[in-house]
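Trainee: Here the protein sequences come in this chain order: A and B. Numbering-wise, the numbering used here puts 24 at position 24 of the first sequence, and it's gapless, one number per residue. Numbering-wise, the numbering used here puts 1380 at position 380 of the second sequence, and it's gapless, one number per residue.
Treat the hints loosely; a few may be bogus.
Calculated cross-link-like contacts (lysine-lysine; reagent style BS3-like; alpha-carbon spacing at most 25 Å) [claimed, not checked]:
#1 A:K96 to A:K59
#2 B:K1416 to A:K13
#3 B:K1227 to B:K1468
#4 A:K59 to A:K120
#5 B:K1050 to A:K13
#6 B:K1146 to B:K1115
#7 B:K1410 to A:K20
#8 B:K1416 to B:K1120
#9 A:K20 to B:K1411
#10 B:K1040 to A:K243
#11 A:K20 to B:K1414
#12 A:K82 to A:K59
#13 B:K1468 to B:K1416
#14 A:K66 to A:K121
#15 A:K46 to A:K96
#16 A:K46 to A:K121
#17 B:K1468 to B:K1213
#18 B:K1416 to A:K20
#19 B:K1040 to B:K1050
#20 A:K82 to A:K46
#21 B:K1411 to B:K1040
Among the chain B residues that face chain A by a calculated CB cut under 8 Å, a handful are [to be verified]:
#22 L1004
#23 F1007
#24 H1065
#25 D1093
#26 D1190
#27 H1243
#28 E1252
#29 L1262
#30 R1265
#31 F1330
#32 R1402
#33 S1405
From the derived model, a few chain A residues whose C-beta atoms are all more than 12 Å from chain B [stated by the list, open to error]:
#34 G14
#35 K66
#36 N217
#37 K232
#38 G238
The set of hints was computed from the structure by calculation and includes no laboratory data. C-beta: ideal position from N, C-alpha, C; glycine also.
What follows is each chain in one-letter form.
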Amino acid sequence: MESQAPWPEDLPKGRIIPEKSRHMTLAFLGNVDIDALMENLEEFPKPFFELGFTATLDKCLFFPEKRPRVAAWGVDFGRRQKELEGFHRSLLEWMKRFDYPVEKRDYKPHITISRGKFKKKDWEDSFYPLPATLTNIHLYESLGHSEYRSLWEYPLFAPFTEVEHTADIAFRIRGRSTSEIYEHALAALAFESPDILPFTEKGVTPASLNEIISSLNDLILAADSEIGVPFKAVSYHGDLSEKNHFLEWEMIVDV
Amino acid sequence: MSSLEKFKEGMFKLPKEGDMNVPGLVVGTEELFADMAIEKPLEQVRNVAKLKGIVGYSIAMPDIHWGYGFPIGGVAAMNVNDGVISPGGVGYDINCGVRLAIISLPFKEFTEKQKNDLIKAIFKHVPSGVGKERKGKKGLGDSDYKKMLIQGAKWSVENGYGLEQDLEHTESHGVIEGASFNAISPHALDRGRKQVGTVGSGNHFVEIGEMQKIISDEMAGAWNINKGDTYVLIHSGSRGFGHQTCQDTLDEFMKQGFDKGLPDRQLVAAPINSDAGKRYFEAMAAAANYAFNNRQQILHSVRESFREVLGLAPEEVRLIYDVCHNIAKFETHEVEGKKQKLCVHRKGATRSFGPGHPELAPIFQKTGQPVLVPGDMGRASYLLAGLGNPLTWSSCCHGAGRARSRHQSKKAWKGKDAIQYMADQGVAVQANSRRTIVEEMPDAYKNVDEVVESVDKAGLAKIVARLKPHLVIKG
Chain A
1 MESQAPWPED
11 LPKGRIIPEK
21 SRHMTLAFLG
31 NVDIDALMEN
41 LEEFPKPFFE
51 LGFTATLDKC
61 LFFPEKRPRV
71 AAWGVDFGRR
81 QKELEGFHRS
91 LLEWMKRFDY
101 PVEKRDYKPH
111 ITISRGKFKK
121 KDWEDSFYPL
131 PATLTNIHLY
141 ESLGHSEYRS
151 LWEYPLFAPF
161 TEVEHTADIA
171 FRIRGRSTSE
181 IYEHALAALA
191 FESPDILPFT
201 EKGVTPASLN
211 EIISSLNDLI
221 LAADSEIGVP
231 FKAVSYHGDL
241 SEKNHFLEWE
251 MIVDV
Chain B
1001 MSSLEKFKEG
1011 MFKLPKEGDM
1021 NVPGLVVGTE
1031 ELFADMAIEK
1041 PLEQVRNVAK
1051 LKGIVGYSIA
1061 MPDIHWGYGF
1071 PIGGVAAMNV
1081 NDGVISPGGV
1091 GYDINCGVRL
1101 AIISLPFKEF
1111 TEKQKNDLIK
1121 AIFKHVPSGV
1131 GKERKGKKGL
1141 GDSDYKKMLI
1151 QGAKWSVENG
1161 YGLEQDLEHT
1171 ESHGVIEGAS
1181 FNAISPHALD
1191 RGRKQVGTVG
1201 SGNHFVEIGE
1211 MQKIISDEMA
1221 GAWNINKGDT
1231 YVLIHSGSRG
1241 FGHQTCQDTL
1251 DEFMKQGFDK
1261 GLPDRQLVAA
1271 PINSDAGKRY
1281 FEAMAAAANY
1291 AFNNRQQILH
1301 SVRESFREVL
1311 GLAPEEVRLI
1321 YDVCHNIAKF
1331 ETHEVEGKKQ
1341 KLCVHRKGAT
1351 RSFGPGHPEL
1361 APIFQKTGQP
1371 VLVPGDMGRA
1381 SYLLAGLGNP
1391 LTWSSCCHGA
1401 GRARSRHQSK
1411 KAWKGKDAIQ
1421 YMADQGVAVQ
1431 ANSRRTIVEE
1441 MPDAYKNVDE
1451 VVESVDKAGL
1461 AKIVARLKPH
1471 LVIKG
C-alpha cells in the first residue's frame, strides 16, 4: 500500500529507503510468472473498503530480531485494525488458491525505512510516533536499489487531502461516519504537527460537525497549553456533505 | 474585478445588492488584483455588509485575502446603539500587531561578527516558534496576570520591561480600556500563562535592518529617522491567550444562536449592547492588553541583546510606534456630518489617524500616527504616516498580503536551500523550523512596494520610508 507520513528529515545512519519508495507490504510473492499473475489478478479479492487508512507509526521494529538488517516502523490501524486484517486474510486465501507461497510467520504491518548496516540503538533512541496514511494498493515489482515499479493498482480514496488556502491551511476530509471524519481530521493535524499525537484521547465519538470541531479544538487547547502547536484553532468553516458514499468536510485551520 | 466599479483614485466600489446594508469599498489597483483570486474575499466583503448596524462601507484593503468570516484586510464600523460586534471581525490573534524601534547607528557599520552575535543573542533572548516559553521564567501568578490584562503595556513598563516613554509611542498608550479578568476562561489563562514575551510561529518575526530610503524627509525628520539607521521590527500578537479567547466566544455565540440568519456562520456576532457582546469586548480588551505586553517584553529582550552585543543603553533602541492590526475599538467618527461613536473592526488593517487627532502623542500631532506595513523577509517593509481618511474610518493596510498559499510555498521550495537563498539576498534567517522559512519566503507575498503605493495614492497614508531587512528571526 502507498504510505505517506511527515517523514523526519534527519534519520540515523543506514541505507535509507527514499520517501517515494516507502510502502507497507501486504504480501510478498517472490519470483513469479508475470503474465500468469496478471491473469490471476482478475480474481484479486476486492477490499470491502473504498477509503484509505489513517494510522500511527507507533514503534520501531527490526528484522530479523538477531543481527537485524531492516529497520522499520510498525503501523497501528486503531479502530480499523480488523478491516485490514480481514482484507489481509482474503489476500492470503487468494494467494493459496493460485499456489503462491505464503509466509507462515504472523503478519506485522510495517514500513521499511532502512536496510543494510545500522546501529539499532540510534534508531530506537530517535524514534517518535508519527501519523501515516495508507492508500492505493499496488502490485509492485522490485527493481533493486530500493526502486519499485507499479504493475497494477487498486485505488482507494485518500482519508484527507490538503487543499489550497491563501493564508491558513485547509484539508478535504473524508469518512464514513462523523467519528471517522474526526479521526481523519486529527490525522491531518498530526501530519502538520506530530507532537499532538500524545494528546489525543481515545474513544472520542462526535456526533455532529460542531462536536467534531469542538473536540479538535479541545485537542489543540491541551497540546498548546503544554507544548505549543502551530494551530490557533479549527474554524467553523463548511458543512458535512455526502460524496462518493462518504461524508466530506473542508477543514480550515487558522495558523 | 468584474463586479468592482472605479470610484476614486486607488478605490473601487462594490455596489450594494440583495440584503447588503451598505456598499463595499475596495482599496487597490487593477494591477494588484489582476493575478489574485479576488472573488471569494469579495463575497466576504458583501457578507460583512449584511451585518446589523454597519455604517459607511464594508471596506477591504489592498492586501485583502480570504479570511475567517471577514476577509483579511477588512474594516467595518458599527453603530454602537444597534450594531453588532463580531469575533470574526477581529480574528483569532487578537491585537496581532507590529512595533518599530530605531537605533541611530548605520546598520552598514556593524561588523559581520556583530551582526552574527546580534541574531544569536535575539534568538536566545526572544523565544520563537510554537509554544516556546521564556527560559527560567515561571508562569505569571494570578495577581500579576490580572494586573497585566487590565493595565496593558504599563504593567510591563512598571515591572522593568521597558521605558516610560514607550507608552506614548504605542497605539492607545498600550491599553484597551474595559478589560475584565472575569470575562476570561481558565483555558485561555492556562494557554497564555507562559507565553508572554514570545514571538510564536507562522508569519510572526523579529527583524533587524536598515532604513534604506527616506521618501518623506519632513516626516522622517520629525521622528528623528535618518537614511541608513538600524531598525527593529517586531510582529506578534496575543499568542494562545487570544486564540482561546476568540474560540471561547465563538462557541458561546453559536450556543446562544447569534449565527442564525447570517450568510456565513463564521460572521457570528452579538449586539454590542447585549451581555454577550459586552462580555466579548471585555475579554477581547484583555487579550489586546496581553498582546501589548507581549510586544513590550519582546522589545525589552531585543534591547538586552543590543546591550550585550553593542553596549547600547535601552534608550538608544528608541520605540517609534506600536500598532494593532486585529482589533475592535470604540472610536468617534463623523457620519453624515455628525460625530458618532462607532465600534470599528479592523481585521488585518491598521489604524491611521491623521494629524491633529486628540489621541496622538505631541510628537505625532503634526505628522499623523506612524503606520507600519511589514512586507516580506527579503524585499522590504514600510513606514507611513496616517492621513485619517474618513472613507476608511482612518484605516490603512497591514501588510503585503499573501500571493501564494503555504502549501504552494512548501512545494515550490522542497529540496531547495531556502536559508542559503536568503543569505545570497543579503538576509540572514534564523528559525526553529525550516518549514516556517519555506512558507514565508518572499515569493509567497505580493510586492509590498505596489501595496503601499496604492494606499498612498488612495489617500490613506503617506509613505515615509522603505525598510530593508538583513537579520530575521522566525518561529
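Trainee: Could you run down the list of hints and mark each one as holding or not?
Mentor: Comparing the hints with the structure gives:
{"no.": "1", "hint": "A:K96 to A:K59", "verdict": "30 Å, violated"}
{"no.": "2", "hint": "B:K1416 to A:K13", "verdict": "22 Å, holds"}
{"no.": "3", "hint": "B:K1227 to B:K1468", "verdict": "11 Å, holds"}
{"no.": "4", "hint": "A:K59 to A:K120", "verdict": "13 Å, holds"}
{"no.": "5", "hint": "B:K1050 to A:K13", "verdict": "60 Å, violated"}
{"no.": "6", "hint": "B:K1146 to B:K1115", "verdict": "38 Å, violated"}
{"no.": "7", "hint": "B:K1410 to A:K20", "verdict": "17 Å, holds"}
{"no.": "8", "hint": "B:K1416 to B:K1120", "verdict": "24 Å, holds"}
{"no.": "9", "hint": "A:K20 to B:K1411", "verdict": "15 Å, holds"}
{"no.": "10", "hint": "B:K1040 to A:K243", "verdict": "23 Å, holds"}
{"no.": "11", "hint": "A:K20 to B:K1414", "verdict": "14 Å, holds"}
{"no.": "12", "hint": "A:K82 to A:K59", "verdict": "19 Å, holds"}
{"no.": "13", "hint": "B:K1468 to B:K1416", "verdict": "24 Å, holds"}
{"no.": "14", "hint": "A:K66 to A:K121", "verdict": "14 Å, holds"}
{"no.": "15", "hint": "A:K46 to A:K96", "verdict": "16 Å, holds"}
{"no.": "16", "hint": "A:K46 to A:K121", "verdict": "40 Å, violated"}
{"no.": "17", "hint": "B:K1468 to B:K1213", "verdict": "9 Å, holds"}
{"no.": "18", "hint": "B:K1416 to A:K20", "verdict": "17 Å, holds"}
{"no.": "19", "hint": "B:K1040 to B:K1050", "verdict": "16 Å, holds"}
{"no.": "20", "hint": "A:K82 to A:K46", "verdict": "16 Å, holds"}
{"no.": "21", "hint": "B:K1411 to B:K1040", "verdict": "23 Å, holds"}
{"no.": "22", "hint": "L1004", "verdict": "19 Å, violated"}
{"no.": "23", "hint": "F1007", "verdict": "25 Å, violated"}
{"no.": "24", "hint": "H1065", "verdict": "4 Å, holds"}
{"no.": "25", "hint": "D1093", "verdict": "6 Å, holds"}
{"no.": "26", "hint": "D1190", "verdict": "5 Å, holds"}
{"no.": "27", "hint": "H1243", "verdict": "4 Å, holds"}
{"no.": "28", "hint": "E1252", "verdict": "12 Å, violated"}
{"no.": "29", "hint": "L1262", "verdict": "11 Å, violated"}
{"no.": "30", "hint": "R1265", "verdict": "6 Å, holds"}
{"no.": "31", "hint": "F1330", "verdict": "25 Å, violated"}
{"no.": "32", "hint": "R1402", "verdict": "5 Å, holds"}
{"no.": "33", "hint": "S1405", "verdict": "5 Å, holds"}
{"no.": "34", "hint": "G14", "verdict": "21 Å, holds"}
{"no.": "35", "hint": "K66", "verdict": "38 Å, holds"}
{"no.": "36", "hint": "N217", "verdict": "6 Å, violated"}
{"no.": "37", "hint": "K232", "verdict": "4 Å, violated"}
{"no.": "38", "hint": "G238", "verdict": "10 Å, violated"}
Hints 1, 5, 6, 16, 22, 23, 28, 29, 31, 36, 37 and 38, counting from the list given before, are not met by this structure.
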